[in-house]
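Trainee: Listed below are the residues making up each chain.
Protein chains: 2
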Amino acid sequence: MNKELNQYITTCVPLTDEQLIFLNGYFQKKIFKKKTFLLQQGEVCKFEAFILKGLVKTYFIDHNGFEVILTFACENWWVSDIISFHEQKPSKMYIELIEDSELLILTPIAKAAILNEIPSLERMFRLMVQRHLASYQDRLFGNIALSAEERYELFLHKYPNLPQRIPQHLIASYLGISAEFLSRIRKRKSKK
Amino acid sequence: MNKELNQYITTCVPLTDEQLIFLNGYFQKKIFKKKTFLLQQGEVCKFEAFILKGLVKTYFIDHNGFEVILTFACENWWVSDIISFHEQKPSKMYIELIEDSELLILTPIAKAAILNEIPSLERMFRLMVQRHLASYQDRLFGNIALSAEERYELFLHKYPNLPQRIPQHLIASYLGISAEFLSRIRKRKSKK
Numbered sequence: 001m002n003k004e005l006n007q008y009i010t011t012c013v014p015l016t017d018e019q020l021i022f023l024n025g026y027f028q029k030k031i032f033k034k035k036t037f038l039l040q041q042g043e044v045c046k047f048e049a050f051i052l053k054g055l056v057k058t059y060f061i062d063h064n065g066f067e068v069i070l071t072f073a074c075e076n077w078w079v080s081d082i083i084s085f086h087e088q089k090p091s092k093m094y095i096e097l098i099e100d101s102e103l104l105i106l107t108p109i110a111k112a113a114i115l116n117e118i119p120s121l122e123r124m125f126r127l128m129v130q131r132h133l134a135s136y137q138d139r140l141f142g143n144i145a146l147s148a149e150e151r152y153e154l155f156l157h158k159y160p161n162l163p164q165r166i167p168q169h170l171i172a173s174y175l176g177i178s179a180e181f182l183s184r185i186r187k188r189k190s191k192k
Numbered sequence: 001m002n003k004e005l006n007q008y009i010t011t012c013v014p015l016t017d018e019q020l021i022f023l024n025g026y027f028q029k030k031i032f033k034k035k036t037f038l039l040q041q042g043e044v045c046k047f048e049a050f051i052l053k054g055l056v057k058t059y060f061i062d063h064n065g066f067e068v069i070l071t072f073a074c075e076n077w078w079v080s081d082i083i084s085f086h087e088q089k090p091s092k093m094y095i096e097l098i099e100d101s102e103l104l105i106l107t108p109i110a111k112a113a114i115l116n117e118i119p120s121l122e123r124m125f126r127l128m129v130q131r132h133l134a135s136y137q138d139r140l141f142g143n144i145a146l147s148a149e150e151r152y153e154l155f156l157h158k159y160p161n162l163p164q165r166i167p168q169h170l171i172a173s174y175l176g177i178s179a180e181f182l183s184r185i186r187k188r189k190s191k192k
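Going down the list, the sequences are from chains A and B. Heads up: the first sequence at position 4 corresponds to 4 in the numbering used here, and the numbers run straight through without jumps. Heads up: the second sequence at position 18 corresponds to 18 in the numbering used here, and the numbers run straight through without jumps.
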């Protein structure tokens, strides 16, 4: 049984030890090297992955061929293209590892099996989708209504432990600014 | 009992007539005039609303004070700021009626009561959140990776029956272009 996964699940929905043992059997633990692609544009997403260790980025490629980061995810987060996974249609996004990572993988068949056996898990998955929705909403709001400085503040608030782990050019890509401009914002902030 | 609501629910999850009667009792039917605000930035969202009749826009205000439309919603869609509703924290968005509308309103207390009585409804709400997530994902992808023409095509595909009902300047706001540019795109398209 996996302690982190069980902790995550039981904060969303109370389960018996028997149920936890049952569902743990449906997750496959896998280890990946950094820079591995879990998903590329045009592929159908075949996993929802719970991150035990590591760091992941999801991104689109813009019309100039540059990557635009949507979200970062690390320990105790889920990563997937939920829409592609559920509709089993080609994804528009890339999911790539920033660090060597250890993931618990849930396939569509495994998910159907555990939901069939433990319907109350619907709640956990609803909360997971909601968390993704909140991320996208923040992202859109940042793009539309906030200055680069404000977006950086929101990033620090949302990912308090990550700025040390993420290369500067990736943070800049997430904020939609150049690495030079990010460096100026950080300097101004450190002088305050 | 409301036929449209029951139809929507039973395509997501099978329920007995008794359960449908029970949950219909928790929705309040309300009629609103167009231009009514259901939600304004800074308010806590106190509803998830199923649209029986009418048309709604959700939007942010950008740093120049202009409205940027996130989504449109009409008959048989849900409208809410799901994140504000669930976390009971102030919303960043506006929800305003484009047409006179008839809505079935679910409050947080009512939702908790029906989920407590009929836990299998979690599935329906998970699917509802997923549909919102798909909308936001398309919106972000359009902003980042598509040309204005491609965004317009995606809009027509997503809302096939709406272009006749939505004023041009609102479609332009949704696409992130001027009304004049939208007019040029439509002319080019009609010549093809």
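Warning: the hint list may mix true and false statements.
Same chains, same label: a pair holds when it works inside one copy or across any pair of copies.
[Claimed, not checked] Derived lysine to aspartate or glutamate pairs resembling DMTMM-like cross-links, with alpha carbons at most 25 Å apart: (1) Lys57 x Asp138; (2) Lys158 x Asp62; (3) Lys191 x Glu43; (4) Lys158 x Asp138; (5) Lys35 x Asp17; (6) Lys89 x Glu150; (7) Lys92 x Asp138; (8) Lys92 x Glu18; (9) Lys53 x Glu150.
Simulated from the structure, these hints should not be mistaken for laboratory data.
Trainee: For each hint given before, does the structure comply? Return the numbers of the non-compliant ones in rising order.
Mentor: Violated: hints 3, 5, 8 and 9.
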